[in-house]
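Peer 1: One-letter residues, chain by chain:
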Amino acid sequence: MAQVKELSIESHERNQLIKLNDRVATFIAESGVKEGVCYIYVPHTTAGVIINEGADPTVASDLLETLSRLVPHQASYSHPEGNADSHIKSALVGSSATVFVRNAAPVLGTWQSIFFCEFDGPRRRKLWLKLIDG
Amino acid sequence: MAQVKELSIESHERNQLIKLNDRVATFIAESGVKEGVCYIYVPHTTAGVIINEGADPTVASDLLETLSRLVPHQASYSHPEGNADSHIKSALVGSSATVFVRNAAPVLGTWQSIFFCEFDGPRRRKLWLKLIDG
Amino acid sequence: MAQVKELSIESHERNQLIKLNDRVATFIAESGVKEGVCYIYVPHTTAGVIINEGADPTVASDLLETLSRLVPHQASYSHPEGNADSHIKSALVGSSATVFVRNAAPVLGTWQSIFFCEFDGPRRRKLWLKLIDG
Numbered sequence: 338m339a340q341v342k343e344l345s346i347e348s349h350e351r352n353q354l355i356k357l358n359d360r361v362a363t364f365i366a367e368s369g370v371k372e373g374v375c376y377i378y379v380p381h382t383t384a385g386v387i388i389n390e391g392a393d394p395t396v397a398s399d400l401l402e403t404l405s406r407l408v409p410h411q412a413s414y415s416h417p418e419g420n421a422d423s424h425i426k427s428a429l430v431g432s433s434a435t436v437f438v439r440n441a442a443p444v445l446g447t448w449q450s451i452f453f454c455e456f457d458g459p460r461r462r463k464l465w466l467k468l469i470d471g
Numbered sequence: 338m339a340q341v342k343e344l345s346i347e348s349h350e351r352n353q354l355i356k357l358n359d360r361v362a363t364f365i366a367e368s369g370v371k372e373g374v375c376y377i378y379v380p381h382t383t384a385g386v387i388i389n390e391g392a393d394p395t396v397a398s399d400l401l402e403t404l405s406r407l408v409p410h411q412a413s414y415s416h417p418e419g420n421a422d423s424h425i426k427s428a429l430v431g432s433s434a435t436v437f438v439r440n441a442a443p444v445l446g447t448w449q450s451i452f453f454c455e456f457d458g459p460r461r462r463k464l465w466l467k468l469i470d471g
Numbered sequence: 338m339a340q341v342k343e344l345s346i347e348s349h350e351r352n353q354l355i356k357l358n359d360r361v362a363t364f365i366a367e368s369g370v371k372e373g374v375c376y377i378y379v380p381h382t383t384a385g386v387i388i389n390e391g392a393d394p395t396v397a398s399d400l401l402e403t404l405s406r407l408v409p410h411q412a413s414y415s416h417p418e419g420n421a422d423s424h425i426k427s428a429l430v431g432s433s434a435t436v437f438v439r440n441a442a443p444v445l446g447t448w449q450s451i452f453f454c455e456f457d458g459p460r461r462r463k464l465w466l467k468l469i470d471g
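Residue numbers (our numbering), protein chains in the order written: chain E, 338 to 471; chain C, 338 to 471; chain R, 338 to 471.
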């Protein structure tokens, strides 16, 4: 058994982490899959997905600031669209994540949240979810 | 049903991104798997795989230049083989990627390409593909 | 058929790479799964997992030193717990890895090892393994 869903995500900043836990949990609960693996996939090239601490929002802001220090918005890039940094950040954090599913729910560590990573907002984005039974 | 394949890849630069879309699509089409997940795995420690923009080649060159600025070829490394930077870049981008499969084809975002990341070329490399039905 | 296991890991340094090959191989051999995919998942937000060279320990030390140069322990972070750097390193390397399984064994490249990445030790940690048949 497998299930696929496309979520719509709206970002409000150029760089922003958006928590996905509730929407991923709802997708899994509604799918009928009890045990398996949930794939989270970002079909964009200036965004990504990470799993990290969601309790204290300073973790997200420190991450975004550090990424912007390492990969500045303005620098001597060749890409002419002004978002070379966004593509590079996307490549560094990655475009997919994997979460285990048990008892029809995502299994995360105590402090873990799933975050959509916006690096070229604000925009409307898509996120794809897929479940494999097993 | 599952399918595995080993591809051979030839790089021509020390740092180079090589587009894999056509070869991944051919593998999936020939496998007989209609719906599932395709895993792309790099069995090397100085190479990796990313999914990012493939339309404008400056995205790839900006990424490679930024990685080389952050992790220079020559620095005070302990590893004696002259490719410490290659190993570190490989760890940062990662050695595997996951793509959804629908209607016997990879499902990518509009601007997404799958890239083998060479960080210690030129060389002949391997890439492993595996499909899971579901 | 699927199998899940939780491993306990003890780190002895603030930043440390711990090789997991033997424990992953044992888990797979005992599971009864012959062909499939093994997921390695770190349920922490200041740790991660990578696959990289395990033969020469200087590769691990160069990686840890480079990460600490790019993301210093002490800097102007907002997170008040003194481990903002650990969260950022965790986001950069990622919290999961995927390995192919063939003949009831993990299939790695010649020089590849699976490493638990400790970025806020010393501590006792958990690692989750899951196998999917296919």
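Hints may contain errors.
Since the list can't tell identical chains apart, any single copy or any two copies may satisfy a pair.
[Unchecked claim] Simulated pairs of lysine-lysine, DSS-like, Cα-Cα distance not exceeding 27 Å: (1) K356 with K371; (2) K463 with K371; (3) K463 with K342; (4) K463 with K356; (5) K342 with K371.
None of these hints come from the bench; they were simulated from the model. From a predicted model like this one, the values you see are computed outputs, not experimental measurements.
Peer 1: Checked against the structure, which of the hints given earlier come out wrong?
Peer 2: none
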